[in-house]
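Visitor: Model the full assembly from the supplied sequences, consistent with the hints where possible.
Residue numbers (our numbering), protein chains in the order written: chain X, 1 to 116; chain H, 1001 to 1114.
No lab work stands behind these hints: they were computed from the structure. Keep in mind it's a predicted model, so treat the numbers as computed, not measured. Backbone N, C-alpha and C define an ideal beta-carbon position, used for all residues, glycine too. Each hint should be verified, as a subset may be incorrect.
Claimed, not checked - Computed, partial: chain X to chain H, Cβ under 8 Å:
hint, residue
1, Thr32
2, Phe34
3, Ser43
4, Leu44
5, Leu46
6, Thr49
7, Gln97
8, Glu104
9, Tyr106
10, Gly108
11, Pro109
12, Gly110
To be verified - If the Cβ cut is set under 8 Å, some of the chain X residues that face chain H in the computed set are:
hint, residue
13, Ile93
14, Leu102
15, Tyr103
16, Gln105
17, Phe107
To be verified - Derived SDA-like pairs (lysine to any residue); straight-line CA-CA distance at most 25 Å:
hint, chain 1, residue 1, chain 2, residue 2
18, X, Lys66, X, Ser15
19, X, Lys41, H, Ser1082
20, H, Lys1042, X, Met45
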Amino acid sequence: GAVVSQHPSRVICKSGTSVKIECRSLDFQATTMFWYRQFPKQSLMLMATSNEGSKATYEQGVEKDKFLINHASLTLSTLTVTSAHPEDSSFYICSAQGTGSLYEQYFGPGTRLTVT
Amino acid sequence: QKEVEQNSGPLSVPEGAIASLNCTYSDRGSQSFFWYRQYSGKSPELIMSIYSNGDKEDGRFTAQLNKASQYVSLLIRDSQPSDSATYLCAVNPPNAGNNRKLIWGLGTSLAVNP
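Guide: Here you go:
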């Protein structure tokens, strides 16, 4: 149980284009999903928290207009990196919390984004 | 002072030994504590959760929580080379209201030597 998928697993895009990453909870309903970013050999950095049907809460320093988050259903959240630049190249990971959970988060496998 | 602290390591243990990983947290009101394992290039995987003082065992893993001293530890018995990874400690912040995020330590790198 508690399986989270992410798509795509890897994406290469040109500078200036936008990329959408999907995060799905496959066998449970996720009221809350989280988006993280991790640079090589660095720790997880929380970007934003999204609750189904409401606006995402962004962490300090994360540009909400650049990283668009939509959590339209209890099983799907999307992150769109708009006007991507090489410095946005990173490992993006989503996690999901089930309804009634005691805060545990289940992670998707991650999306490796390379912007050329 | 960081909210969740871990020794970055690397912690090196021989195969078959007990690996002991420690984590301290600053907010006394925290109630939920988690250990995640992250292999290089992969996403984190939940391996233990603990909510009450004392020990919780699951296979080769034992989580220990001491709320009075504000620390949580993870013991790995009979360590295997496949246990070599970064171990992340995560704690829920009290008074978070509707935001259910976790506060993360920076992780301890564990190397199990054959």
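Visitor: Hey, does the X/Leu46 contact hint survive, CB to chain H under 8 Å?
Guide: Result: holds, 6 Å to nearest chain H Cβ.
Visitor: Return the status of the interface hint for X/Tyr106: holds when the least beta-carbon distance to chain H is below 8 Å, violated otherwise.
Guide: 6 Å, holds
Visitor: Next item in the hint list is X/Phe107. Is there a CB on chain H closer than 8 Å to its CB?
Guide: 4 Å, holds
Visitor: Using the nearest Cβ pair, does X/Gln105 come within less than 8 Å of chain H?
Guide: X/Gln105 check passes; min Cβ-Cβ to chain H is 6 Å, inside 8 Å.
Visitor: Is the shortest C-beta separation between X/Glu104 and chain H less than 8 Å?
Guide: 5 Å, holds
Visitor: Holds or violated: is there a CB of chain H closer than 8 Å to the CB of X/Leu44?
Guide: 6 Å, holds
Visitor: Does X/Leu102 meet its interface restraint, that is, does its C-beta lie within less than 8 Å of any C-beta in chain H?
Guide: 5 Å, holds
Visitor: Report holds or violated for the interface hint on X/Tyr103, using the least CB-CB distance to chain H and a cut-off of 8 Å.
Guide: 4 Å, holds
Visitor: With chain H as the partner, please determine if X/Thr32 meets the hint condition of a C-beta pair closer than 8 Å.
Guide: Given a least distance of 5 Å, the restraint on X/Thr32 holds.
Visitor: With a cut-off of 8 Å on the beta carbons, see whether X/Pro109 makes it to chain H.
Guide: Interface hint status for X/Pro109: holds (5 Å vs cutoff 8 Å).
Visitor: Tell me if the interface restraint on X/Ile93 is satisfied: Cβ within less than 8 Å of some Cβ in chain H.
Guide: OK, holds: X/Ile93 within 8 Å of chain H, min 5 Å.
Visitor: Hey, does the X/Phe34 contact hint survive, CB to chain H under 8 Å?
Guide: 6 Å, holds
In summary, the structure agrees with every hint in the numbered list given earlier.
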